[in-house]
Structure formats: C-alpha cells, structure tokens
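**Q** Build out the structure end to end from the sequences listed, making use of the hints.
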Amino acid sequence: MTETQGPHRLETKARLPDPDAAYRMLVEAHRGLSDEESAALNTRLVLILANQVGDASLLADAIALARRADDGAPAQPSG
Amino acid sequence: MAGRALYQFAYRRSPDQDAPLPVRRPVVVVGAGPVGLVLAIDLAGRGVPVVVLDDSDRIGEGSRGLCYAKRTLEILDRLGAARPCLEKGVVWQVGKVFQGEELLYAFDLLPEAGYAMPAFINLQQFYLEYVLVSRLASFGLAELRWRNRVSAMEALADGVRLTVDTPDGPYALEADWVVAADGARSTMRALAGLPFVGEAFEDRFLIADVAMEADMPAERRFWFDPPFHAGRSALLHKQPDGVWRIDLQLGPDADPEAERQPDRVIPRIRRMVGHDRFRVEWVSVYTFQCRRIARFVRDRLIFAGDAAHQVSPFGARGANSGIQDAENLAWKLARVVQGRSPASLLASYDAERSAAADENIAHSTRSTDFIAPRTPQEKRFRDAALALARCTDLGRRMVNSGRLSTPSSYRTALSTPDADGETWTGGCTPGSPLPDAPISWRDGRTGWLLEAVGGDEVLIEMGETGIALPEGVRRLRIGIDVHDDQGLVAARLGAPAGAALLVRPDQHVAARWKRPEAAAVAAASRRLNGWTEAGA
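Heads up: the sequence lines are chains H and W, in that order. Note that numbering that gives the first Met the number 0 gives residue 26 to position 27 of the first sequence, counting from 1, and the numbers run on in steps of one. Note that numbering that gives the first Met the number 0 gives residue 310 to position 311 of the second sequence, counting from 1, and the numbers run on in steps of one.
Bear in mind the hints are in silico, worked out from the structure with no lab data behind them. Hints may be right or wrong, so weigh each one.
To be verified - Pairwise CB distance ranges, derived in the manner of DEER restraints: (1) W:428 with H:47: 30 to 38 Å; (2) W:463 with H:10: 48 to 56 Å; (3) W:101 with H:40: 44 to 52 Å.
Cβ coordinates follow ideal geometry from the N, Cα and C atoms, glycine included.
**A** Written out as structure tokens, the structure is:
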C-alpha cells in the first residue's frame, strides 16, 4: 500500500501513537467555525503540513492517495 | 412494548424501622444495581457489615448494560459471581466494522490465549443483577432492603443521616459512610446538590432488544451508512436467549415518542434483518451524555458508577467502569472502617477513579464525535477517515466505532516508583492491573494467577526471596506455592528470577523490585495502605 515514486515513501500505516486524540484535536479546531471558515482553516493547515513534509514527491503521493481514496477503491479488510 | 419484570423481590420491614433512635451502620450503599451490589459483596467478603437500599423491588426491564469486559469478569470471579455469568452469557472477542455493505476491518480483543476470562461476554443486566443479589444473600453481614427510597440526607460530623421512605412510612438511618451507587439519575447526587457537568450529544439513538433466530456469529458488528439504514450508523450485539441488541442512530431531529412506537420500530428492524420473524422485547430512545461530578468523595458521602460519571454506550465503559469503581473502593473503605488505614486512603479512590472516568469520558466522547458528527466539517473528517480506511491503515486507525473498555492503569500516590538502577522493560508498571496467567498448584491442579492472588495484599515472588514480610501481606512464591508451567507468569509480569511484585487488594500492582529487600517492601506496603504523606 505504499507509493513508491519518490526517494522517500509515503507512509500509509498509522504513525500517530494515539490517532483518536489527534482526530479529536482536528475536530475541536473547527468548533464554532462557519463552513467557509472551516474550509479556510483546513487549507492553511494543508499548506503548513505540506511544508512540514518538505518533499514535493511525497506531497504528490499524498495527493494521489487522497484522490484515489475518493473514487471508491476497494476496502481491504485487515483480518 | 414495555419490558418484563423478570425477578420480583419483597419489601420486608427492618428492625431498624422500629428503633427508638436512628440505628447506626458502618456502611450504607444506596442503589442495588451492578455497582452497588459488587461493592456490597466485596465489603461483606472483607468482613464489613453493609446495608443496601434500593427504591425498587424488581429487576428486569430491558437489557440495559450488556457487554462485560475481561477485567470486570475477573472482579466478578474474585467475588464468586463469574461462573453463572459465563454459563449464561454470550462470549465474544471479535468486532467487525462495515461501511455500506463492505467490511472495512475486523479486530480481535483477545488474540492471545492463557486467560481465565474471555475478552467480553454479553449478558442482560438483569441476569447479572440477579447473580449478584443471590451472591450477596450468602453473606450474613449484608442486608438488601427493597423499596427503601432515600428522601433526605443530612451530613453529620462523622457520618450521614438518611431519611428512608418505605411502604410503612419513613425511618431514619445513620451510617459512618454512605456510598451513592444509584445511577445516572442519582437521587443522592440531587440531594447533595452536586452539578453533573459535561457534554450532551444531540443525536438520538434507538435501542431495541429483538428476539429472533439468526445464524450469525457472536461478534460485535458496527455499520457506517448501512444499506438498511442509509446515512446513519447501526450496531448489533448477540445476547443470551436468542435476543439481539440493535442500536440505530436516528439523528438529532427524531421524535423520541414517535420513534418508540411499533409502527416506526418494526419497519426499521425488518429492513435490517430482512424478514418478519422477530419479536421486539424492549425498546428505548436515547440521547447520550458524557459528564461527571467534580469529586467522588464528599466527606462521608462517596459516589460510584453512573452516579459519579456517565458515558455514551460506545465502548461498553458504563457498567464496566462502575464495577471497577466498586472494586477500587471496597478494599479501601474496608480498611478505613476496620481502622487499618487512615480515612485519607479514600482520597486515592477519588484520584484514581476520577482519572479513570476522565479516560473513559475522553474515549467515549471521541467515539461519539466520530459516530455522530455535529457539523458538516465534522462529517467531512469522518467521511475522509472512512474513505482512507478502504485503502490504508492510517484511515482504519482513525475510524472509531467505539474503543472497548480496558482497565485503567493508575498514576497514584499508592504506587512506589521503580527503584533507581533497576530497569524494567515492559511487564507490569506500578499502578497497572495484574495480568492473569495459567499456573498449576502444588498438587498438580491447574489454576490461574489471579485466583491465587485473590483479594489480599500479596507479594508475588519469582522463586524464594526469603525476605521478612510486613503484617497483612501474603506471600505467593512462583515455582514453589504455584508453578509457572507455561512461563506466562514470568513473561506477562516481565519479572526475572528473584524479582518480586507487591499487589494491592484490587489486583493492581503497587511496586516491583528486581532485588527486593524487606525494608523497601514494608515501605511500599505502608504507602499502598495510605500511611504516607508522599504525593498525597
């Protein structure tokens, strides 16, 4: 499940030690915002995180994964 | 569609009602639900006389608390109440999460063998309560008074005075300690005027017990956006007696009264199960709250279970955490009542179980956020995680259909930190629950580590240390008193030969040493019994 174009590989395994806490942090960042404000916050966040990734080929892999996840790729049960 | 009263009990007049002055009891527990009953059994087993008051006289309306976790079963086992629950309950350990018709992923809550208790059993709450009522009745020190409703409470300098309403009228009853285990709508909490603070969720959920024949395995099934209930979530659990528990998300705008009616409920269930051969036994429409009171100990009044904290049902953290409250409290209250520990030991109940409540509330809140997004943006996050879950591990790890109850590890003043210069890798850190493991007894019978530890303060020794023990501590020598034939005791404790672990009466580890010495063990024992100022 790993993209392989660049010198670094996009990590699709969970890296956060506590994904639930990170998810909650993202949800809470949007509390009280209008939909427009939320979209703007997310966009700033994407730019900040893209800079943190610091690798255009990784970013391209991430964009490809995000696009692919939208077009109904088959579920892959983990057993 | 009202539920059935399965077990009916009788009000009996107590001699306390005819006493010229209020009778004084060491401990009165208000509420004969799972939490109050477990507490009363544990107290009576530790030699503390206990009176339990309950405003009702029957149990059996709806399945209510359903999923009982391994740690809870271990507690019930120590109290002599697990066997009938295991015989009746539906054992399960696998959960499956679906999106639409597709399986997103499955999880196994106990992938490893070598535990006496299963990951979970499903058992209607009334069966558990009936088992506990029967067990409590075997103790002469315990008394359960049905149709005894507390109507007033007055704090005394060294206790609490209760006014108790009965079919024969009110009477006064005093107690050195009162434990309020009277549930989410606690009368005691209202009488004490304590705010119950937290988050309320707007989504309504339908919960139904449905009797039907179904050829489905005993596993937890959760759907996001299932074909039979488009755009919402659904949860299915198997219960004993051929009954299935169905939870359906209804959304924030559902009319609870209308949704309870058969003309709404039956078509929903027919769409889910695909036929008409079922009978709805109980139905309820809920909203969820995640909230708690600020302090669980208020002088001589102590709160436990849902009376102290409330969570959403996703994760089975209600009854399980309440029963863990009861076991945390029982040994401490027993020691205080018997003069073996200072009353300040009870501050550790507040600290440890408050932290556990916060942990449970955090998990439960996150699950409920995921299951019932409150804004279009929250729904986008949720749908993004579900979309990524179809092709990545990172997405699957963010999908949250409920994180199922696990016991808390206590960061507590009762624990003794590992000694300087002793490095432990893994194993049981002080404050964590002692894991079970298979053993054999000296006569060759097989058994379990937790059974051998029981409810005492125990020093588990890996072999013979030969050190003198403080009063009140029992020795359990692995390799001498019991044998670690499969090596799982050593592996799970992470303990090499010559090491020792001091275990609290609630089977949580208090301290551990690779090279134990009598003075260090004695100091750790004093500390776990509350005889220390450190960190208090």
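**Q** For every hint, state whether the structure bears it out.
**A** Comparing the hints with the structure gives:
1. W:428 with H:47: 30 to 38 Å: holds, 36 Å
2. W:463 with H:10: 48 to 56 Å: Check passed, 49 Å falls within 48 to 56 Å.
3. W:101 with H:40: 44 to 52 Å: Violated - the Cβ-Cβ distance for residue 101 of chain W and residue 40 of chain H, about 31 Å, lies outside 44 to 52 Å.
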